[in-house]
Amino acid sequence: MIILVNGNEQADYAYLTNKMFRIRAKVFHERLKWDVNVVDGLEKDRFDQENPLYLISVDEVSGNVRGSLRLLPTTGPNMLRDVFPILLPPGEVVESATIWESSRFSMEPGAETPEPGRLLSSVTGELLAAIEEVGLLAGLTEVVSVFDARMVRIFRSAGCPALIIGRPQRIGECMTYAGLFEISETARDKIRAACGITGSVLEPQSTRRLFAA
Amino acid sequence: MVQEDKSFNETIDRIDQIQKKSEFEIVLADTLKRYDLKSLAFMGFNIGALNKSEPDILVTYSQEWINHYRASDYLEVDPVVHQGLKSILPVDWSNFDRRDSRVRSLFNESREAGLGNQGLSIPVRGRHGDMSLFSLTCEANEQEWSTKKRNYIRDFQTLAVFFHQSVLRTYTNSELQIQLTPREAECLHWAACGKTSEETAMILGLTRRGVRYHIENIIFKLNAVNLAHAVAKGIHFRIINPPR
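These protein sequence lines are chains A and B, in that order. FYI, the numbering used here numbers position 38 of the first sequence as 38, with every residue one higher than the one before it. FYI, the numbering used here numbers position 204 of the second sequence as 204, with every residue one higher than the one before it.
One should not assume that every hint holds.
Unchecked claim - Straight-line Cα separation of at most 16 Å, EDC-like style, residue types lysine to aspartate or glutamate; simulated pairs:
no. : chain 1 : residue 1 : chain 2 : residue 2
1   : B       : LYS86     : A       : GLU9
2   : B       : LYS195    : B       : GLU184
3   : B       : LYS86     : A       : ASP12
4   : A       : LYS19     : A       : ASP59
5   : B       : LYS86     : A       : ASP48
6   : B       : LYS86     : B       : ASP100
Claimed, not checked - Facing chain A, a subset of chain B residues (Cβ under 10 Å, in silico):
no. : residue
7   : SER87
8   : HIS128
9   : ALA232
10  : ILE235
11  : PHE237
Hints were generated in silico from the structure; no laboratory data involved. All C-beta atoms, glycine included, are put in the ideal place defined by N, C-alpha and C.
Bound-form chain B, shown alone:
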């Protein structure tokens, strides 16, 4: 029990400290080991940009399996996704209806790709229409599973929310950070200091039209409605840091 708590607390800390996108896979791999799992998968919806059509996916399994899953259009029939997003309740994969032949091949092939025979998915709901599904698989017979499942639900209900928030924080930040060119960042900085485009043009040695062009791009890239909105977002996401 003490060992389990330690594992849990360390995993929480790791997830909470994630700064960059590249760290997620390492943390997932760590968590996999700690909890003796076969796979872990995070699927996020409406993270970062609202109404984005593709979910954000972070997984521990191979790119081959992802490619095969896509090529076979398994998303259409995957009960994990369909059932998992329906409810706020965790979902145990052992109760899925597997009479459909495509569903059967999905699960059989997933075993070949290294996923476990037991699976569990935990839905997470955020405040602004963002949601995610955190899924794990492990190897266990039915008896072992009923005990393991309870422990997994207890820990992963919390881990999944931390992971979701970590993705939310990292994605909304870094996506914006990498988008602006140095010149655009400069124009935004001077706008935040109260300069007009004419003044900014003078400071930076650009034409007024050049500055306007940059500003239009900034507004577009930050998904802002006007320059004031872009300045607010720029400060919020720490792209610029104008003097107080």
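Excised from the complex, chain A in its bound form:
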């Protein structure tokens, strides 16, 4: 299930958020070797201070954090405009009330391996389905994201290919893309079908607490 946490509630949800930052350190620092800042085993950047919305995947049985991503409105500070403008043609920005940015999509190493008979792991499916659900609740039309080749394959398997915008660039060791994902009931249902998900993946209490849905 997915628990929603606001950036400014980190202190109240320290267990969940610290686990999340720890997994991010393992994924982005240790495995992908991105140039990220890790302090005490936790990976955080300046966008974590912009009160993003975290979508955290938690194992329903064990309570363990399995993965996460974060959402930021494109009207405010965000990575595509402030860190990766090179991915878009000069002078072009993605800035819309109905487009949010997803970043730091990550999961516990091993959790990205699909279960037998599936194209995607349950954590990947859950996170993607959650983006669609939250997007629909917030009245979004698209989510924009900066991602690498590994993610392109994931999105294809999930039945939600990204619309690549701008020009892919080699940044460090990876080809890096900016892409738009449609937010719609159709897209949500496609992802659910591809990942064997029935019904909402959002944990009702946290959803109610934040969105008051």
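Chain A is already provided as a structure; the job is to place chain B on it using the hints.
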């Protein structure tokens, strides 16, 4: 659906064309009618001057209600403001915890002041620490609300951002425009033309000290750090228009 789109597009255009502060209330009142609402409220933070303590407020409801709200210190307990500014997600008022007696009186009294029984708030985040909360209320039973809410969120997510940007544009401009006296504007103009205070004094028939005095005021009023900064701001906000 076609009708709804027309309404939406017209509202966007109206908001986008706002030039003066006085137009906001008219546009809000128009939007209220178009969408069959009971109230609309915009609350902006860090608009214009950063770290301003008071939010900028534009509303469709009565001054009496505003006064009563202030006198009762409802800001302290108002879940709309507290919950609305916490997250990037829209907030549905029907899920607020109303066990606190002051919160209950706030909502009961708001009904008497003409606000609807259902409410929705949409937070907007700008690029430079500016943020706002756009709230609407309407009259609807629970069933109607679940459908209406979805439509409102879809349209007002965008309308709220346009409104925010319109306020930002108008406030930052007009606040500065009304501040300079004609004499100050003249001094700034000649500074922008490359004149020293001595030369400006000669052109305007003032003493050098008089010009310096005006320039200090200009720097203060434009919240600039020095005269060069004030000139840049003056051109940017079109207070002066020196020859190229």
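Take a quick look at whether LYS195(B) and GLU184(B) sit within 16 Å of each other, Cα to Cα. Answer holds: LYS195(B) to GLU184(B) is near 14 Å, not above 16 Å.
Just to be careful: measuring from the Cβ of ILE235(B) to every Cβ in chain A, is the smallest value less than 10 Å? Hint violated; ILE235(B) Cβ to chain A Cβ min 22 Å, cut 10 Å.
For LYS86(B) and ASP100(B), compute the direct alpha-carbon distance and say whether it is at most 16 Å. Given that 16 Å is the threshold and the Cα spacing comes to 20 Å, the pair is violated.
Regarding the hint that HIS128(B) lies at the interface with chain A, is the smallest CB-CB distance below 10 Å? 9 Å, holds
Hey, LYS19(A) versus ASP59(A), does the alpha-carbon distance stay inside 16 Å? 13 Å, holds
Is the Cα-Cα distance between LYS86(B) and ASP12(A) 16 Å or less? Holds, at roughly 13 Å.
Is the interface hint for ALA232(B) satisfied, with its Cβ closer than 10 Å to some Cβ of chain A? 22 Å, violated
Is it true that the CA of LYS86(B) sits at most 16 Å from the CA of ASP48(A)? At roughly 14 Å apart (the allowed maximum being 16 Å), ASP48(A) and LYS86(B) satisfy the hint.
Agreement of LYS86(B) and GLU9(A) with the hint, judged by alpha carbon distance not exceeding 16 Å: With Cα atoms ~9 Å apart, LYS86(B) and GLU9(A) stay inside 16 Å; holds.
Holds or violated: is there a CB of chain A closer than 10 Å to the CB of SER87(B)? With a closest approach of 5 Å, the SER87(B) hint holds.
Hint check: is the beta carbon of PHE237(B) less than 10 Å from a beta carbon of chain A? Because about 22 Å separates PHE237(B) from the closest Cβ in chain A, which is outside the 10 Å limit, the hint is violated.
Against the hints set out earlier in the document, violations occur for numbers 6, 9, 10 and 11.
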